[in-house]
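Engineer: One line per chain: the protein sequences are A and B, in this order.
Reminder that position 207 of the first sequence reads as 207 in the numbering used here, one-by-one numbering, no gaps.
Reminder that position 326 of the second sequence reads as 638 in the numbering used here, one-by-one numbering, no gaps.
Derived from the structure by calculation, the hints contain no laboratory data.
One should not assume that every hint holds.
[Stated by the list, open to error] Listed below are the simulated DSS-like cross-link pairs for lysine-lysine, each with C-alpha atoms no more than 30 Å apart in a straight line: (1) A:K274 <-> A:K70; (2) B:K548 <-> A:K303; (3) B:K446 <-> A:K274.
[Said to hold, decoys possible] Here are a few chain B residues that sit away from chain A, every Cβ distance over 10 Å (derived from the structure): (4) G342; (5) I375; (6) D383; (7) F384; (8) E404; (9) E424; (10) G537; (11) K548; (12) H572; (13) T608; (14) D655.
The model shown is predicted, which means the values in this text are computed figures rather than measured ones.
For glycine and all other residues, C-beta sits at the position ideal for the given N, C-alpha and C.
Chain by chain, the residues run as shown.
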Amino acid sequence: MFAYFLRRILQMIPTILGVILMLFLLFNFFAGDPAQILAGKMPNPERIAAIRKELGLDEPWFVQLWVFFKQVISFDYGRSWTTNEPVGQILSARLPATLTIMLPVWVLEAAIAVVLALGVAYVRGTLTDRVVMAICTASMSISLLLYAVVGQWVFGSVLGWAPVQGWGDSLATNLSTYAWLPIMLILFVAITPSLRLYRSFVVEEINQDYVRTARAKGVSDNRIMYVHVLRNAAIPIVTNMALSLPGLVVGSFIIEQIFSIPGIGREVIVAVEKSDFPVIKAITMMVAFVTMFANLFVDVLYKVLDPRVELK
Amino acid sequence: MSGGSKSSKDLNMSNSQGFWAQAMRRLFSGWLARACVLILLVFLAATLAGWVGLIANNWDEPIAVSYANPDFMKDAPNPQGESSRLTYEKLEIDDALRSVDPLAANYGKFDEAEKQYHQEEKPLDWSRPLGADKQGRDVVDKVIKASQVSITVGVLAALLAVIIGTFLGAMAGYFGGMVDAALEWLYSVFTAMPYILLVMAIASIVRTPGISTVIFILGVTGWTGTYRLIRSEYVKQRGREYIQAANAIGASNSRRMFVHILPNVSHLMLVQLSQLVVDFIKSEVVLSFLGFGVPTSSVSWGVMISEVRAELVLGKWWQLAAAAGVMSLFVVTFGLFTDLLRDALDPKARRK
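Let the hints inform the model, and build the full structure from the sequences given.
Structural biologist: Okay, structure coming up:
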């Protein structure tokens, strides 16, 4: 197990180096001269030269690459180009808002989708099943953007059940006033693809021999579904959940923009608008790390849930 | 689809049909696929007609009052509408006014000078079939133009992504070894970041917004799924007997890759293409909504939806209804068609 862990971590190194190299190429060669962007509307040569010196842009490229590499290793990306705050501080200030939205979504989505999938798979082939699946297909096709725009208008402006946008200071006010509507809207879109997927996992398990054996021995339907089938279908379900972990950190760009939630997604939008490269680089690297560790986590989880799986 | 019509003639003579003929017969045996194709053809025709300038040319011109009502609710209150039209009071210019206006002496001259020029006042419409937006642009024209732009972006970006993905996948799967290792590394780098974040990072760098920029960004970031699929197919196919035979008669590597193997995986490319069109149209809508996509001098479904947010507060819902309706119709139809196409072309990968 330990050797496997070590090898997987070592395998990540080329990928991390690749991501670093790609970001470096993108932002240092294709992005134009950051000094021009920073010097603002009235640039003069001295100011541009000063900024270039300050950012180290007059150094040769390999020195700049080494500086970026050190930034990644030490998780210290310097200061934001627009607000002059340390980037780490910005990220730690933004992450709670994103997690306040995304963690409930993650948990509720899994719980609702699994229960519905068990139910739908149990009555597979009937009219109920077909209707639910048809609704899923239709709702999957419509963009989250539309749900968010219409949802904000209907629940926020017309019915007045929730504030149109905003964010509070404490977790309790956020959850009770500001966050519930965005959470509901994301859930609406997120449940249907999971439901479709989980249904197929459950249906596959229901057709296995062990279910027939259990039935023949007189096990109740509830026990078959919740103990036997769910245990086996849990492996792909948990995998799917773990693979959505990176999304928890980024949050939803659309939702955070529409509801003015001060999270990571909104920070990315602002940074892209203002060409705030350190912030974009930091968030991209952070998410790349989370993605890679989530993948490793998934593989280990496989082993834990299914002892038949051999870790190579 | 040409395969279908060609071999339908000799259907009676032999029982064996070509792969495409069989697939097309499977696809079009149900009414659903036929209905989908019919709707998609209408969209395609509108897009092409827009390209050559037949319809929605003047979408940008204000032809109605601001937020003109739709025809079916002409009399709804509208501050600019006919129902609350203001009549202007004509002010007679008398001596009292003349004494305070230093330009009064010249009024006669102004009127003379004005007569030299031919003027025509274009009356603005009070209502349009589906209403108008803030600038008084017709919503019908606008939504047609938006469909053209969005569909163009989706289709061209999907083509670009499938071409890149197929080429890289073919290289990796066919040659294996070092090429494969290098491309696998590139793949792992691209998939280490969530797709939309990568798109945003590139959008922050490319500072020239435009339709071709959006196509480029979506195309160069969206090839990974196709690459995966095509690579595994090439690994499977390269050991088959027909490739050994091609090798024996001295076919070159590129000939074996693109003349012999490619037709055998082309059905997967088609499925990928139609899948990506839907994905990219959704991405384009999001990008344009956030302001990094199609520039506002043009219009797309995403641009329309982002304009709509301010209008909704005023109770002007018709632009949203038009954009949402047309977009959902296209995306739902195309999604259904993709599912049917996959079932017909790739029966093994049929969704469980």
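Engineer: The structure should be examined with respect to each hint, and the outcome stated for every one.
Structural biologist: Hints, one by one, checked against the model:
The hinted pair formed by K274 (chain A) and K70 (chain A) meets the criterion: a straight-line CA distance of about 25 Å does not exceed 30 Å. Between K548 (chain B) and K303 (chain A), the direct Cα distance comes to roughly 28 Å. Compliance with the 30 Å bound is thereby established for this hinted pair. Restraint check for K446 (chain B) and K274 (chain A): satisfied, since their Cα atoms lie roughly 28 Å apart, inside the 30 Å limit. Against chain A, the non-interface label of G342 (chain B) holds: every CB pair exceeds 10 Å, the least being about 15 Å.
With a least beta-carbon separation of about 26 Å from chain A, I375 (chain B) lies farther than 10 Å from that chain, consistent with its non-interface assignment. The claim that D383 (chain B) is not at the interface with chain A holds, since no C-beta of that chain comes within 10 Å of its own (minimum 23 Å). Distance to chain A confirms F384 (chain B) as a non-interface residue, since its nearest Cβ pair spans about 21 Å, more than 10 Å. Its beta-carbon lying about 47 Å from the closest one in chain A, E404 (chain B) satisfies the requirement of being farther than 10 Å from that chain.
At roughly 46 Å from the closest C-beta of chain A, the C-beta of E424 (chain B) stays outside 10 Å, upholding its exclusion from the interface. Annotated as non-interface, G537 (chain B) keeps its C-beta farther than 10 Å from every C-beta of chain A; the closest such distance is 14 Å. Listed as outside the interface, K548 (chain B) is consistent with that label: its C-beta sits roughly 21 Å from the nearest C-beta of chain A, beyond the 10 Å cut-off. At roughly 32 Å, the least C-beta separation between H572 (chain B) and chain A is larger than 10 Å, which holds for a residue marked as non-interface.
Remark: the non-interface label on T608 (chain B) is consistent with the geometry, its nearest Cβ contact in chain A lying 14 Å away (cut-off 10 Å). Non-interface call for D655 (chain B) relative to chain A: holds, since the shortest CB-CB distance, roughly 13 Å, exceeds 10 Å.
In terms of the numbered hints stated before, the structure departs from none.
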